[in-house]
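A.B. asks: The primary structure of each chain is shown beneath.
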Amino acid sequence: MDVTIIHREVVWVILGMGLVTYVPRWFPLVLLSRRNLPQWLIDWLDLIPAAILSALLVPELVTNGMPRHMSLWQPELWVAIPTFIFALKTKSLGGTVVVGMALFWLVQSII
Amino acid sequence: MSDSVSPPKKHDFKTSILQGLSAAWPICLGYIPIGLAFGVLAQKAGLHPIEIMLMSILVFAGSSQFIAVSMLSTGAGAVSIIITTFAVNLRHLLMSSSLSVFMGNATRKKLSLFAYGVTDESFAVNHTRFSQKIWGLNQALVVNHTANITWIVSSVIGGYSGQFIHEGAFGIDYALTAMFICLLIFQLRGRLYVITAVIAGVVAVILSLITPGSSYIVLASIFAATIVLGIKKWMLR
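Top line first, the protein sequences correspond to chains B and Z. Numbering-wise (our numbering), the first sequence opens with residue 465 and increments by one. Numbering-wise (our numbering), the second sequence opens with residue 2 and increments by one.
Treat the hints with care, as some may be off.
Unchecked claim - Ranges of calculated distance between the beta carbons of each label pair, as one might list FRET restraints: (1) Z/Phe14 to B/Trp537: 47 to 53 Å; (2) B/Ile574 to Z/Leu91: 34 to 40 Å; (3) B/Trp542 to Z/Ile84: 47 to 53 Å; (4) B/Ala566 to Z/Ser74: 17 to 23 Å; (5) B/Leu479 to Z/Arg109: 20 to 26 Å; (6) Z/Ile135 to B/Pro531: 40 to 46 Å; (7) Z/Lys110 to B/Ile574: 41 to 47 Å; (8) B/Met534 to Z/Ser23: 38 to 44 Å; (9) Z/Gly76 to B/Pro546: 38 to 44 Å; (10) Z/Trp235 to B/Trp537: 35 to 41 Å.
None of these hints come from the bench; they were simulated from the model. All residues carry an ideal CB built from backbone N, CA and C; glycine is no exception.
Kindly generate the complete structure, drawing on both the sequences and the hints.
C.D. replies: Structure, rendered in structure tokens:
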């Protein structure tokens with residue numbers, strides 16, 4: 465195997481990416497964990513997961529392209545509805561992933 | 002009775018691993034197709050499997066890895082790729098802050114090891130269990146590192162076997178979306194959380210349409226959490 469290939473610029477890109485990804489993951493855990501945070505901050509942080517997951521998810525469902533534009537007639541949105549109901553009824557992460565993928569595959573092969 | 006105060010302590014090593022694995026497998030199920038897809042794209046962008054492995058080990062953040070690979074293939078510069086990665090992954094700052102509440106007196110070493118594996122998926126799975134008080138740092142570490150190993154292995158396999166998997170097969174493109182749907186439902190533990198999610202979703206859509214890049218994720222999350230906390234305080238007065 466040609467190991468000299470890793471002496472390329474891309475290795476420095478990867479190292480840089482690793483550093484700027486790790487620091488935001490590490491810093492709050494080490495900085496905040498041993499402190500008594502004020503109650504408002506704890507309450508605020510408690511709302512963050514729901515906010516972040518929704519902010520990650522909803523634009524993927526209703527927008528498309530680069531730059532993004534609204535796109536309500538895409539399978540992403542319509543498959544999300546039965547997937548959502550399945551997840552709500554079963555609370556099964558693995559099952560939801562399987563069902564969502566299967567439905568999306570089905571819809572894509574029909575279109 | 003002291004058991005009920007700190008439940009994680011009564012679990013031994015083996016139990017922690019089993020609990021972690023049973024929480025991690027759905028994440029792994031989602032990571033295998035996405036890791037494969039990433040490996041395929043990275044290989045097509047000219048990355049050697051060793052470089053793919055290095056990226057999955059050092060970065061371990063799916064969406065930013067996809068973006069970096071597509072930027073590499075269009076000949077973008079190192080600095081712009083690194084800045085973009087930083088922006089895309091800045092949301093982990095919020096996640097780690099949110100998780101820090103549950104870390105008690107964990108050592109810095111353990112926290113550093115845990116921080117490495119904070120992703121959208123592991124964060125949501127661990128946070129849900131921490132807030133139900135059925136989780137400890139050991140189980141959370143198992144979740145993070147099982148997901149990590151799965152990601153690394155599947156992205157390298159994708160890098161070697163790129164030409165055999167065609168895009169869009171088996172609904173691969175929808176694995177993460179389906180995962181997010183379920184993870185979001187886990188977080189909707191009451192009316193305030195639902196309101197937060199609705200505001201964050203609407204604001205994220207609007208911002209994603211009018212701003213470039215992915216800053217909308219962090220901005221919409223901060224906005225929604227702040228507004229809802231404000232409403233809560235105002236109603237309690």
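A.B. asks: Please check whether B/Met534 and Z/Ser23 have a Cβ separation lying inside 38 to 44 Å.
C.D. replies: Distance hint for B/Met534, Z/Ser23 holds at roughly 40 Å.
A.B. asks: Confirm or reject the claim that Z/Phe14 and B/Trp537 have a C-beta distance inside 47 to 53 Å.
C.D. replies: holds, 52 Å
A.B. asks: Taking 38 to 44 Å as the stated bounds, is the beta-carbon spacing between Z/Gly76 and B/Pro546 within them?
C.D. replies: Hint holds: Cβ distance 41 Å, inside 38 to 44 Å.
A.B. asks: Within 34 to 40 Å: is that where the Cβ-Cβ distance between B/Ile574 and Z/Leu91 falls?
C.D. replies: holds, 39 Å
A.B. asks: Regarding Z/Lys110 and B/Ile574, is the given constraint of 41 to 47 Å on their beta-carbon distance met?
C.D. replies: At 52 Å between Cβs, range violated.
A.B. asks: Taking the CB of B/Leu479 and the CB of Z/Arg109, does the distance hold inside 20 to 26 Å?
C.D. replies: The hint (20 to 26 Å, Cβ to Cβ) holds, given that B/Leu479 and Z/Arg109 are roughly 23 Å apart.
A.B. asks: With 40 to 46 Å as the target window, see if Z/Ile135 and B/Pro531 comply at their CB atoms.
C.D. replies: holds, 43 Å
A.B. asks: Using the beta carbons of B/Trp542 and Z/Ile84, state whether their distance is inside 47 to 53 Å or not.
C.D. replies: Hint violated: Cβ distance 36 Å, outside 47 to 53 Å.
A.B. asks: Just to be sure I understand the hint, the distance between the Cβ atoms of Z/Trp235 and B/Trp537 should be within 35 to 41 Å; is that true here?
C.D. replies: Since the Cβ atoms of Z/Trp235 and B/Trp537 sit about 39 Å apart, the hinted range of 35 to 41 Å holds.
A.B. asks: Looking only at beta-carbon atoms, does the pair B/Ala566, Z/Ser74 fall within the given range of 17 to 23 Å?
C.D. replies: violated, 31 Å
Hints 3, 4, 7, counting from the list given before, are not met by this structure.
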